[in-house]
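Trainee: Here are the chains, one letter per residue:
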Amino acid sequence: MAENYILECSGISKAFGGTQALKDVQLHIRPGEVHALLGENGAGKSTLMKIIIGLYKQDEGTITWNGKPYQARGPVDAINQGISMIHQELNPEPHLTIAETIFLKRESTVGTFFLNKKEQNRRAEEVLKKFDFPFGPKTMMKDLTLAQVQMIEIIKAVSCDAKLIIMDEPTSSLDSEETEHLFRTIRDLRSKGVAIIYISHRMEEIFEICDRVSVFRDGTYVSSRDMDGVTRDELISMMVGREVKNIFPKVDCPIGKPVFRVEGLTGKGFRDISFEVHAGEILGLSGLVGSGRSETVRAIFGLDPLESGKIYLDGQEIKIKNPRDAIKRGICMVNEDRKGYGLCLQRSIRENISLPNLPEKQAGLLLNQRREKKECQEAAQMLTVKCASIEHTGLSLSGGNQQKVVLAKWIMATPKVLILDEPTRGVDVGAKSDIHTLMCQFAAKGMAVIMISSELPEIMGMSDRILIYHEGRLNGSVDRSEIRGGSVTQKEILEKEFGGK
Amino acid sequence: MAKNDKKVLGMDQDSFRMFMGKYGIGIVLIGMVIIISIMRPRFIQPTNLLNIFTQISINGLIAYGMCLAITTGGIDLSVGSQLALVSCILGQLVGVKNMNMVLSIIIALAVATAFGFLNGVLIAKFDMFPFVVTLSTQLIIRSIAQIISNGQAVSMTSSVFKSIYSGNFLGIPRPIVYLAIVVIIMYIVMHWTRFGRYVYAVGGNVNAAIASGVSVFWTKTLCYTISGLLAGLAGLIFTSKTGAAQANIGVGYETDAVAACVLGGTSFAGGISTAPGVLLGSIIIGCIYNGMNFLRIDSYYQSMTKGIIIICAVLLDMVMNKKNR
Amino acid sequence: MKLRKLISLSVAALMVAGMAIPAAADEAAAGGDVNGDGKIVVGYISKNTTDPFHGPINSTATEILDGLVADGTIDEWTGILDGLTDAGKQVDLAADCIAQGVDYAIILPAEAVASDPAVVNMTEAGIKVVVVNSKTDSTDDLALTYCGSDDVYAGELMATYIQEQLPDGGAYIHCQGVIGNSAQIQRGEGILNILGEDDKFEALGDYPCDWAADKAVNAATDAMSMYGDDLKAIICDNDDMSSAAQQACNEAGRSDIVCIGVDGNQGPLTMVKEGTLGATVLQDGVGQVTAGIDAIVADINGETVEKEYTIPFVLVTSENVDQYLNADSAAEAETEAVTE
Chain Y
1 MAENYILECS GISKAFGGTQ ALKDVQLHIR PGEVHALLGE NGAGKSTLMK
51 IIIGLYKQDE GTITWNGKPY QARGPVDAIN QGISMIHQEL NPEPHLTIAE
101 TIFLKRESTV GTFFLNKKEQ NRRAEEVLKK FDFPFGPKTM MKDLTLAQVQ
151 MIEIIKAVSC DAKLIIMDEP TSSLDSEETE HLFRTIRDLR SKGVAIIYIS
201 HRMEEIFEIC DRVSVFRDGT YVSSRDMDGV TRDELISMMV GREVKNIFPK
251 VDCPIGKPVF RVEGLTGKGF RDISFEVHAG EILGLSGLVG SGRSETVRAI
301 FGLDPLESGK IYLDGQEIKI KNPRDAIKRG ICMVNEDRKG YGLCLQRSIR
351 ENISLPNLPE KQAGLLLNQR REKKECQEAA QMLTVKCASI EHTGLSLSGG
401 NQQKVVLAKW IMATPKVLIL DEPTRGVDVG AKSDIHTLMC QFAAKGMAVI
451 MISSELPEIM GMSDRILIYH EGRLNGSVDR SEIRGGSVTQ KEILEKEFGG
501 K
Chain C
502 MAKNDKKVLG MDQDSFRMFM GKYGIGIVLI GMVIIISIMR PRFIQPTNLL
552 NIFTQISING LIAYGMCLAI TTGGIDLSVG SQLALVSCIL GQLVGVKNMN
602 MVLSIIIALA VATAFGFLNG VLIAKFDMFP FVVTLSTQLI IRSIAQIISN
652 GQAVSMTSSV FKSIYSGNFL GIPRPIVYLA IVVIIMYIVM HWTRFGRYVY
702 AVGGNVNAAI ASGVSVFWTK TLCYTISGLL AGLAGLIFTS KTGAAQANIG
752 VGYETDAVAA CVLGGTSFAG GISTAPGVLL GSIIIGCIYN GMNFLRIDSY
802 YQSMTKGIII ICAVLLDMVM NKKNR
Chain L
827 MKLRKLISLS VAALMVAGMA IPAAADEAAA GGDVNGDGKI VVGYISKNTT
877 DPFHGPINST ATEILDGLVA DGTIDEWTGI LDGLTDAGKQ VDLAADCIAQ
927 GVDYAIILPA EAVASDPAVV NMTEAGIKVV VVNSKTDSTD DLALTYCGSD
977 DVYAGELMAT YIQEQLPDGG AYIHCQGVIG NSAQIQRGEG ILNILGEDDK
1027 FEALGDYPCD WAADKAVNAA TDAMSMYGDD LKAIICDNDD MSSAAQQACN
1077 EAGRSDIVCI GVDGNQGPLT MVKEGTLGAT VLQDGVGQVT AGIDAIVADI
1127 NGETVEKEYT IPFVLVTSEN VDQYLNADSA AEAETEAVTE
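Protein chains in written order, with our numbering: chain Y, 1 to 501; chain C, 502 to 826; chain L, 827 to 1166.
All the given hints hold, so there is nothing to weed out.
Once the Cα atoms are required to be at most 27 Å apart in a straight line, the calculated DSS-like pairs of lysine-lysine come out as:
1) 328/Y to 626/C
2) 23/Y to 491/Y
3) 626/C to 321/Y
4) 626/C to 339/Y
If you're looking for bench data, these hints aren't it; they were derived computationally from the structure.
My request is simple: use the sequences and hints to build the entire structure.
Mentor: Shown next, in the form of structure tokens:
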């Protein structure tokens, strides 16, 4: 194609350790177009964007920008070359003024050292006017709403003379009016020849604002299409693309009485969630990142507060104020953030495994260290943790083995309800299937297992039942028999995740 | 260094780190002792060794409390004034009012413990910065000591009281006995009890500790409470040592305690420390003071030497724990 | 591994670098080997090595003791052991002296009561102790001799000077040293002995200034704004504070306020010379330590040593400042005059 592209990425590959995040992907952007980037969680969209703005360096492949080879040394360098990114998580400096934010790192100065605030405010005023921004340059960032902060980011990008602006989920925290305002701005930018890469999970928006779309799947490039003449169904098929192969060793086991039930749980990021889990059942919670899955289980485990709702264990209502209450009742959780909530990496494997289980290892005032050592050794072996000795620190382990240690912690506690949030994220294939096998064993022992995963094949392969989240609410459920029988496909689940009925 | 070797080499490095983490500081100490002994043979004589151990008892006690605070990721700057407070309370009760000595000591220690508890509650309950909290209580406690004593030194004439420091137990100076008891208890507390594990977990990764059902509030509070009690004990020994109760003692004592902890491998990042390490650190500090005097090092150079040794020890600690980042 | 080596090397290097090379003298004088180990060793426990009053004392002592080692009167001395103004530390240093086999020890106590165990422990170990500058509780009973000055008298000197300068009386404030320190207590006592009896003078308050000049300045400015013209005098426990306070008064246009303190440090003496400070009370620290070392030499030579040598405080005014300014400069500059 001899078309005129402003940005051309071709043959880009990137691996993190053993995981291939991007494999030979391409992305071609025309000047002045709004280009949607679509894909499931983990399809590689963010990785590619981070390569473009210079946060990562690709292992292979080339990028051409304005017809010249391009490689950013970092976000600042990217901005200087005309590429700005507006991140999903905005981190404004609350104590800076609007002018200071817009001209951060490129302040107007007198000589080399002294700020020329007057000049800076004047220039800020100019650009703000261009966008009809309702506040003056001296307003503090902390006085702005999220939508306004985002607008400032866009203004900043434009004032840097950006020719390409990457927007990652720009509407995720905007209401409909603010979204409408954003779209007007985008159309305005487009008319001025600025290209925009628009990343979003919201189909309607993509159809409304975008000119073209590229779809990624599992770190590979699927295809690019003009928005005219493409249907929602086609796009979802492109995102899913593959068949569900039964690589998951799910062993069916008898499902017992209901053990755990929640009613009308409401908290930050989720509303009115009710479900029930039986002994021996694996319940999968599916949904897009940020749809409220993790938020729900964090609140159940007592890490975040609940606004309302009831929790029942063995038919009796229980109150959980903090994780200690949850653990005492036999509710355990493997957190998605392994480094943050899982392990004390600088302590030994043994100490990590026994941390929640110390009361049982008490002999009088002291710990029965011999017993502790023996039981931790057994737990580590059962979970096939690969380590030279359980006295080594968590740092000496690979990600998968760290995750097994986290599992070992909770298995030793023999919970009634085991919550697994992204149990196989960042884990290599071998460890992954080990963890799946273990999950089946836990269920077989009569535990009620709740699993969250962003990988649809995993959740479909492992769950007895799947609940689908959409924007903080449950949007349907699927039984294993339906998946087995082929009456429900990945595509349908994905559609529900995107808000379809 | 091919990529396949990484694991084997990684293990080796890990074992080496563990070895150096455990014994590295001991090697430094042995080196120091050998150097000083060659230059000054009197240094290694039993009387001087007993002398060193007697001298480190006060700093050693404070250092164990400090170690707990640092291990949870905090610091306790109030220990120096705790010394003065206990001293002044003892001065008023024993020296002025002639109260029963055992009862007075219990009261004084209880007050120090209570202030430690207060530190802990402020830090753990209200999530205030340990540095700020203990800096403030340091001032408050010192002021209370001055109020109690009215700025006057009280002479502690009782020979029984003085023997708390100067007495012997089976030929061993009593301060060494106290230190030994505290070291043993602290070893057990830090390494053989549930509480000890919780301290390391809270310091190592507070979120993981919470998610494992550890009560961060009680763990931190207890650490600072113990620190208060140990500082109180140190104040008792100090008062007996000098035979005087006054409000201006213990200024800057937290510095040596922190130094002992750091030398002993306590990481300011939290979650790493050992009971034997703190003892070794205290001994090294004692040897630095005593040894430099033996070597006739000009006093102007002494602080510098101490500072350089501490920086080197921290560097050692960082190299050992490089993989943390 | 490399790092470990580096550390031990640097430790060793530092220790060697800082070491004063002891000049070995062959023949030991007969009388002074108190502990019978064939060597005469003198220990020197300072109060601290940082404040301007103790600086000249320590350097004079170093000068004289080095001289005594060189001429063979004594075999070794410990160098200046830094007491860090901490009685507990001084007790430790006393133990170090005992362990080092010291025969004579000079100590400048940090505290009257709390430093006493240092004196007691050393005498019990058979060391002859010379107490310099201020007494500890058992100095009279145990020490070989005491060389110092009477702090109560210093306070009285200051008070008398104030009486002379302000015949009509008036109100004054008192800037204190570190509370509980014996010099602070006794100087305050001396002031009260005189001014407390004098109805014409009114004490406006004691300001704890920890011997520190900056705190005295704060106290002076506070008092000036609070009491205005009623404030006639500022009496300080040392002259670092009084000179700084006087300077603050002068700058505020209140050079009529009379400030006085004790010590006779170089700064205040210079101010007396310039006429910006009326007077200061000189404590002859150098004279005290010199007398102390003289006593040791006398004891080594088998001569009798008095139980106490009192080195008088002197009121220094513009009339007699020259003689002290020079004498002190001489000590500062470490000329040979003192060792002779």
